[in-house]
Amino acid sequence: MTSDTLTVTAAAEPSRARRRRGRRAPAWLAAVPLLAFVAIAFGIPAVAMLAGALTVDDPATGASSFGTGNLTASLQGAYLTALLGSVKLSATAAGLAALLGLPLAQAVVSSGSRALREAVLTASGVLANFGGVPLAFAFVATLGNSGVLTQHLGLADKGWSLYSFWGLVLVYLYFLIPLMVLTITPALDGLRVQWREAARNNGATAFQYWRHVALPVLLPSLLGGLVLLFGSAFAAYATAAAMVGSAVPLVTLQISDAISGNVLVGQENVALALSVDMVVIAGLVMAVYLPLQRRSTRWLA
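Counting in this note's numbering, the sequence shown runs from 18 upward without gaps.
Please keep in mind that the hints were generated in silico from the structure rather than gathered at the bench.
Everything numeric in this text was worked out from a predicted model, so none of it was measured.
Don't take every hint at face value.
[As the list claims (entries may be wrong)] Pairwise CB distance ranges, derived in the manner of DEER restraints:
no.: 1; residue 1: A215; residue 2: A95; range: 53 to 63 Å
no.: 2; residue 1: A215; residue 2: A68; range: 37 to 47 Å
no.: 3; residue 1: I276; residue 2: P203; range: 31 to 41 Å
no.: 4; residue 1: L138; residue 2: F54; range: 27 to 37 Å
From the three backbone atoms N, C-alpha and C, an ideal C-beta is built for every residue, glycine too.
Start from the sequences and build out the full structure, keeping to the hints where you can.
Right under this line is the structure:
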C-alpha cells in the first residue's frame with residue numbers, strides 16, 4: 018500500500034465516522050414514551066382543571082364565560098380558612114416529624130447493626146405508605162372517645178380529643194416520621210467518619226461537632242426532607258375525611274364537598290380553583306425542594 022493510499026484512507030475515516038454519527042438516533046428519542054405518558058396522564062388533566070377553574074357559570078342564565086371569579090372565591094371566606102388550615106396542619110406535622118425522625122434515623126445509623134437498620138427501614142417503608150381509612154380506624158379504636166387507651170387512661174376526663182387539630186397532627190406523625198427516616202438516612206450515611214475524628218482530635222465535644230460540622234452539612238437534606246413531609250401532609254385526604262370530617266377545615270375536604278355538590282349554584286367549579294391553588298403551592302414546594310436536594314447531593318457525594 019502506497020503512502021498516497023494511506024493518506025486517502027486516513028482522510029476518509031473521519032468522514033465515515035461522521036456519517037455513522039449522523040445515522041445514530043438522537044438520545045432524547047428514548048424519552049419520548051415517558052414524555053407522551055406525562056402529557057396524557059398529567060398534561061391533559063392539568064389543562065382541563067385550569068380551563069374549568071377559569072370557567073364562571075352565571076346562576077341566573079346558566080351561561081358560561083371565562084374569568085377569575087372561581088379563583089377569587091377560592092381565596093375568600095371558608096375556602097381561604099381551609100387553605101390556611103391545611104398549610105398550618107402540614108407545617109406543624111412536618112416540623113414535628115423532622116424533629117423526631119432525625120434522632121431516630123441517627124440512632125439506627127450509629128448503631129452499626131445491619132439487622133436493626135434493615136428492620137427499621139423496612140418498617141418505615143411500610144408505615145410511610147399506610148394511611149387512609151385503615152389508619153383513621155386504627156386511631157379511632159385506640160384513642161377515640163371510646164378507644165382502648167382513652168378509656169384505660171381516662172384521657173377523656175383530661176380534655177383529650179382525637180377529633181381535633183392536634184389529634185390529626187398525631188395521626189399524621191404516624192406516617193410522616195417513617196418518611197423522614199427514609200429521607201434523612203442516606204444523608205446521615207454521607208457524614209464521613211474522618212470529620213468526627215478530626216473534630217474530636219481538635220478537642221470538640223459531640224455537641225460542638227453536631228453544631229458546627231454535621232448540622233450545617235445536613236441542613237439542605239433536612240430542609241428538603243421537611244419540604245417533602247409538608248407536601249405529603251398537604252395532599253393527604255382520606256385519613257382526615259374518615260376521622261374528623263368537617264371538624265378541622267382543610268382544603269382537600271373543601272374540594273370533596275364542592276365536587277359532591279355541596280356548594281352554591283354557579284360555584285361548582287370552585288373545586289377546580291381550589292385544586293389550582295393546591296397545584297401552585299405544590300409547585301412552590303418542589304421549587305424549594307429540588308435545589309436543596311442538588312446541594313445536599315454535592316456535599317454528601
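Report the numbers of all earlier hints that the structure fails to satisfy, in ascending order. Violated hint: only 2; rest satisfied.
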